[in-house]
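Visitor: Make a model of the complete structure from these sequences and hints.
Those protein sequences? They're chains H and B, same order as listed. Just so you know, we're using our numbering here: the first sequence kicks off at 1 and counts up by one. Just so you know, we're using our numbering here: the second sequence kicks off at 1 and counts up by one.
It is possible that part of the hints are untrue.
[What the hints assert, rightly or not] Computed Cβ-Cβ distance ranges for the label pairs, DEER-style: (1) Q45(B) <-> N28(H): 15 to 25 Å; (2) N53(H) <-> P114(B): 47 to 57 Å; (3) K70(H) <-> P114(B): 40 to 50 Å.
[Unchecked claim] Not the full set, but computed from the structure, chain B residues with beta-carbon under 8 Å of chain H: (4) F34; (5) L44; (6) F90; (7) N101; (8) L102; (9) G105; (10) G107.
Simulated from the structure, these hints should not be mistaken for lab results. Glycine included, every Cβ here is placed at the ideal spot set by N, Cα and C.
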Amino acid sequence: DGGITQSPKYLFRKEGQNVTLSCEQNLNHDAMYWYRQDPGQGLRLIYYSQIVNDFQKGDIAEGYSVSREKKESFPLTVTSAQKNPTAFYLCASSPRAVLYEQYFGPGTRLTVT
Amino acid sequence: AQSVSQHNHHVILSEAASLELGCNYSYGGTVNLFWYVQYPGQHLQLLLKYFSGDPLVKGIKGFEAEFIKSKFSFNLRKPSVQWSDTAEYFCAVIQRGSQGNLIFGKGTKLSVKP
Chain H
1 DGGITQSPKY LFRKEGQNVT LSCEQNLNHD AMYWYRQDPG QGLRLIYYSQ
51 IVNDFQKGDI AEGYSVSREK KESFPLTVTS AQKNPTAFYL CASSPRAVLY
101 EQYFGPGTRL TVT
Chain B
1 AQSVSQHNHH VILSEAASLE LGCNYSYGGT VNLFWYVQYP GQHLQLLLKY
51 FSGDPLVKGI KGFEAEFIKS KFSFNLRKPS VQWSDTAEYF CAVIQRGSQG
101 NLIFGKGTKL SVKP
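Guide: Spelled out as structure tokens, the structure:
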């Protein structure tokens, strides 16, 4: 099956701990994205990557980090510096960065207490 | 700043009622436009898109949207909603020539009463 997988579906962490969210795609898409979804806020872009070994900050990158060592993988680390990490995180990919629609994974709900 | 506005936060309709969800964007240039839908517990999925050509776009499940360039709008419509249309709907815009980042509206939650 082609698609985007995110794991785990639910994640619980204690405050002060870093946590890494997984995102894998087998669609052979060049571009990948991380969004954060909060109730009433829509989707806000955290980081994006148009090609392997390159990524750029989105609108709310503070407290997050990413890597893009492989085309199919774009993990997101939520660091202890992120002041309000509890949220629903969505990963997406698109064939190219420009002009194409994005395809979304099922999301990971992170709860930090 | 570039933005996408969705006028209604929560819309409640009875089955068979007609639906129109508003979406306006703030860019002056050429844009690609999208409506995404998120059914309860499911992936965000593409409902329809507009790149060029006929400004009236038909999508899945009987939805359509009309691009009105002069009004910077891309409203979503459905003549007769069903209970299964209960979901959250997001309008999104890519400005051509940009880095290709989608800008999303804040979403409209649609509740359809059986």
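Visitor: Against each hint, give a clear statement of whether it holds in the structure.
Guide: Hint check results:
no.	hint	verdict
1	Q45(B) <-> N28(H): 15 to 25 Å	20 Å, holds
2	N53(H) <-> P114(B): 47 to 57 Å	51 Å, holds
3	K70(H) <-> P114(B): 40 to 50 Å	47 Å, holds
4	F34	6 Å, holds
5	L44	4 Å, holds
6	F90	6 Å, holds
7	N101	6 Å, holds
8	L102	6 Å, holds
9	G105	6 Å, holds
10	G107	5 Å, holds
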